[in-house]
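Keeping the supplied structure of chain H fixed, place chain G with the ligand upon it in accordance with the hints.
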Amino acid sequence: MRPESAIIVEPVARLIEELSKLPGIGPKTASRLTFFLLRAEEGQVQALAQALLAMKEQVHFCSRCFNITVAALCPICQDTNRDQSKICVVEEPLDVLAIERTAAYRGLYHVLHGHIAPLEGIYREHLKIDELLARVRSEPVDEVVLAMNPNTEGEATAFLLLRDLVPLGVRVTRPARGLPTGGDLEWADPETLGSAIHGRREL
Amino acid sequence: MHISQFSLRDFRNYQRIDLQLAPGITLFYGPNASGKTSLLEALFYLATTRSPRSRSDHDLVRWDALGEAGVLPFARVAAEVQRRMSHVRLEVLVQRRADEEGQLTNGAQKLVRVDKRPARALDLVGQLRVVLFTPVDLALVDGPPAERRRYIDITLSQLDPRYVRTLAQYQRIAQQRNSMLRAWRERRRPLRGIDDELAYWDQELSQAGGFLLAERLRAVAELNQIVGPLFCAISGETNPLQISYQASLELDDARTAHDLSQRLSEELRRLRQDEVARGQTLIGPHRDDMSFSVAGIDLGRYGSRGQQRSVTLALKLGEAELMQQRSGETPVLLLDDMLSELDTQRRTHLIAAIRRPAQQTLLTATDLGDFGAAFLAEITRMRVEGGQVYPG
Ligand SMILES: [Zn+2]
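In order, the protein sequence lines correspond to chains H and G. 626 is the number of the first residue of the first sequence in this note's numbering; add one for each residue after it. 13 is the number of the first residue of the second sequence in this note's numbering; add one for each residue after it.
So here's chain H without its partners, still in its complex pose:
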């Protein structure tokens, strides 16, 4: 099957194989990384191995907003000074960081972990949508901000959420236009994103 495994000793072949499962890394890069680590100081390799394990053992999704956290609740959900009446819905944890950087928003978040994308087989049941609706029913929320990416998939997700949220009697808003269409929140500059969040409009 793999001719190189006959020549390369098993532990090396195994690391190459594991690394090539990572996104964007093919066999060539995997080999390069493996041989780099082979020659690296013992301490550096241990630090990397421990960082990987610690990340997996300690980090999980916040039980309330599904952001990444090391505690049961993420720091934002724990912070009682934040405005508990607003939830900003985003696609990915990185979007939370992007919005936090703008300092334009002081409410809570909810991370969907994706967007509706039929071509990739991603539908509402694959996203944290029911969890969001449960929060809106049980928490003192009066505004939900739909901060999906301004592209077709993001729009489709926002459209679906709007239909679900309106009957629950909350105000539903979207960041103002001005974000580059087709782009990702994650890459918008903080100033543009900040003013889009400030100028959000009701749907």
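I should point out that these hints are in silico values taken from the structure, not numbers from a laboratory. Beta carbons: idealized from backbone N, C-alpha and C, even for Gly. Check the hints yourself; a few may be wrong.
[Claimed, not checked] To give a feel for the contact side, a few chain H residues facing chain G, derived at Cβ under 7 Å: (1) K653; (2) P743; (3) F784.
Frame of chain H; chain G with the ligand shown alone:
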């Protein structure tokens, strides 16, 4: 408009050519498989960012094109286009992709420049307008509906940047919608909430579809004014040709984009069960067709071979005339090995049409014997052989 300068690098069988072109008629002649067709293909590609004959762009890159150090092999097509009031330089680079090991894949990326500035492929369409006429087009009348949709889409895309964008958007939405319908059909997803989940996609599909439909109906109405009498002149028949747009849904009297969107959205809701059962979007511009008739007789079904050729010729010349009427500029005609396919009467008509002043026509032929001495005396000739083009 006309192309004044045209260059290729590593495109199909051409390593490198650089041609100055004159407004009138230029005839490229040479043996079969010498690459005459590739010249017209390159210009069609520059006008539409699509090849008329191959689905994958990597085929366009010459097989032994060498990348420079660190650069993957690419083909380059560039032209200088003279318009009435301005001129523009167009350039497309088709670069092959490689996998991580450096092996070439079947992928390719397109890099477009307009007046030396990077542009999107969509922005290139319409800068150079062409009408391509090849023996394959003779299937336009009796071939599959997709051929006729392609005819109207290519015409309108070159005339209206909004049409290009909306068409791309529509196709994307239809694909997404089909994936959803297929998932329900195959019972991969629960059947409740179908209306809610389709609401967004129905709305987007209807909106884009309504615009495309309105534009196509308007174009067909304008084309009928043009091709009706044109067909009589070409065929010698007394009754004019009539094009009818065959929509996949009942249009009632809807003609505006708004009303047509409304119609589409009503019909989509009505067809919900059928669409889920079949797992696909059953109506819309991607399912429409056109038919051609003379005195009420459908020529796709009952027309003679000669009549069908006259229709195709009228449609192609009509396409050029429509572009001229709408934009005030004559498109460049690209005729690939067409004259040998036509009888004397149709050939005479075609030659008269391309001889009009201010009309640039590039045509290919294998045999100079197809042309009279008078015709040959007034055109520019170029001999194509072994991946080279020689004047005379
Ligand atoms: Zn949280």
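Taking the hints in turn, this is what the structure says about them:
The restraint placing H:K653 at the interface with chain G holds, with a minimum CB-CB distance near 5 Å, inside the 7 Å limit. Restraint check, H:P743 versus chain G: the minimum CB separation of about 4 Å is within 7 Å; hint holds. Using the Cβ-Cβ criterion of 7 Å, the hint placing H:F784 at the interface with chain G is satisfied: the shortest such distance is roughly 4 Å.
Hint check: no violations occur; every hint is consistent with the structure.
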